[in-house]
Amino acid sequence: MLSLSSVMDSPVLRSYFTYATIVILKMMLMSPLTSYFRLTRKVFANLEDTKLGSSSTDKKLVRTDPDVERVRRSHQNDLENIVPFVVIGLLYALTAPELSAALLHFRIFAGARIFHTVAYVCALPQPSRGLGFMLGLLVTFSMAYRVLSTVLLL
Amino acid sequence: MLSLSSVMDSPVLRSYFTYATIVILKMMLMSPLTSYFRLTRKVFANLEDTKLGSSSTDKKLVRTDPDVERVRRSHQNDLENIVPFVVIGLLYALTAPELSAALLHFRIFAGARIFHTVAYVCALPQPSRGLGFMLGLLVTFSMAYRVLSTVLLL
Amino acid sequence: MLSLSSVMDSPVLRSYFTYATIVILKMMLMSPLTSYFRLTRKVFANLEDTKLGSSSTDKKLVRTDPDVERVRRSHQNDLENIVPFVVIGLLYALTAPELSAALLHFRIFAGARIFHTVAYVCALPQPSRGLGFMLGLLVTFSMAYRVLSTVLLL
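Residue numbers (numbering that gives the first Met the number 0), protein chains in the order written: chain S, 0 to 153; chain Z, 0 to 153; chain A, 0 to 153.
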């Protein structure tokens, strides 16, 4: 069965576990980052949240802010790209690729997504963000191609 | 292989399967809940949907509504937190933790997320929703820590 | 362990791998589709992106557009439905269902979601999109029922 010993015996699975956890943690850190921007800029999505920054609720604080929306779009882009990577990556890791090839895929993806977040939140000039996005997409497509060419059964 | 018999032999995997399914179902129920609010409040996102509540399309019904947006934000927060839990939880369950520790993680997470949804949809005063959110985040971080400390291979 | 040979020996797992990859790829294609609409309609979410279509940044191009928002809602609906399918589908495939039953679930889901996207992006009259959505939801619920009735451990 897929037990601890079998995972520890497979370097590909171990590296998949490591990188999947890292990119998911990176994605989850967008939530506290959004909260940080909301609290420092006093911009809230719910009336009951406005009390967090002051002593009473305040309807004027329920509004949108360009910086908060920027972090939220970055978070949304993570959801749209990191979740497919994690799913396709597991199937890919189970097709027994070479360790060096697997590590190359995982490392490029992790680097591309971290760069994408920096480029998004700091609003670096294009096409820096676009390149990070495309690189992540290509890694996932490359893994999906190997999965489909290995196990295809329609 | 990871077959039915091997899953049934591992109480940790069985409890993971159970709680992962429960929280995913909870998340999926947000879709019908959104539809319910949309139909009862007559608030639609698409022009072609307005015909669902009446005999002809009506442009005025394509608008936003605070209650519908509240349910949608709750759904979005589920996506941002339940998906990471499901991914990290599978890797965690495969690191062969103690059954009692695994159940503690899974139960606290499921409870925290159900409480989070109730607090969000009913607009309970803060920090009730924030506590549900933080509790879920901490459970996932705790599982991620165990995964990384067990299988790390960069 | 869950190795390539054990996956290749199980037609249910092979068909799950195939359909999970297909629906995830379908979901990922919504990103380039959004970019295509943004570039052809000159509608951007970030100030730094407006330079992609012209020689200088232009604040007026940072706006929303009904067609772009339609594609984005379709993408969001995919996230809310395809991710649960992929998770529940893996657990379902591991409960050793009949191959014919598994293929029936996977094929209906993939067809329903592709139809849903076409109905959404082309704005087909309701209830075509609603039917595609409901069908996908029912397939996932049916698989979740089998998972819970097989391995339940609370």
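Careful: at least some of the hints might be erroneous.
All copies of an identical chain are treated as equivalent in the list; a pair is satisfied when it fits inside any one copy or across any two copies.
[Stated by the list, open to error] List of simulated lysine-lysine pairs, DSS-like, C-alpha gap at most 30 Å:
1. K59 - K41
2. K58 - K41
3. K50 - K25
No wet-lab data here; the hints were simulated from the structure.
Values in this document were obtained by computation on a predicted structure and should not be read as measured data.
The hints, checked one at a time:
1. K59 - K41: Answer is both; intra-copy 10 Å and inter-copy 26 Å each pass.
2. K58 - K41: Both. Shortest intra-copy (11 Å) and inter-copy (24 Å) distances satisfy the 30 Å Cα cut-off.
3. K50 - K25: both (29 Å within a copy, 28 Å between copies)
Checked against the numbered hints given earlier, the structure satisfies every one of them.
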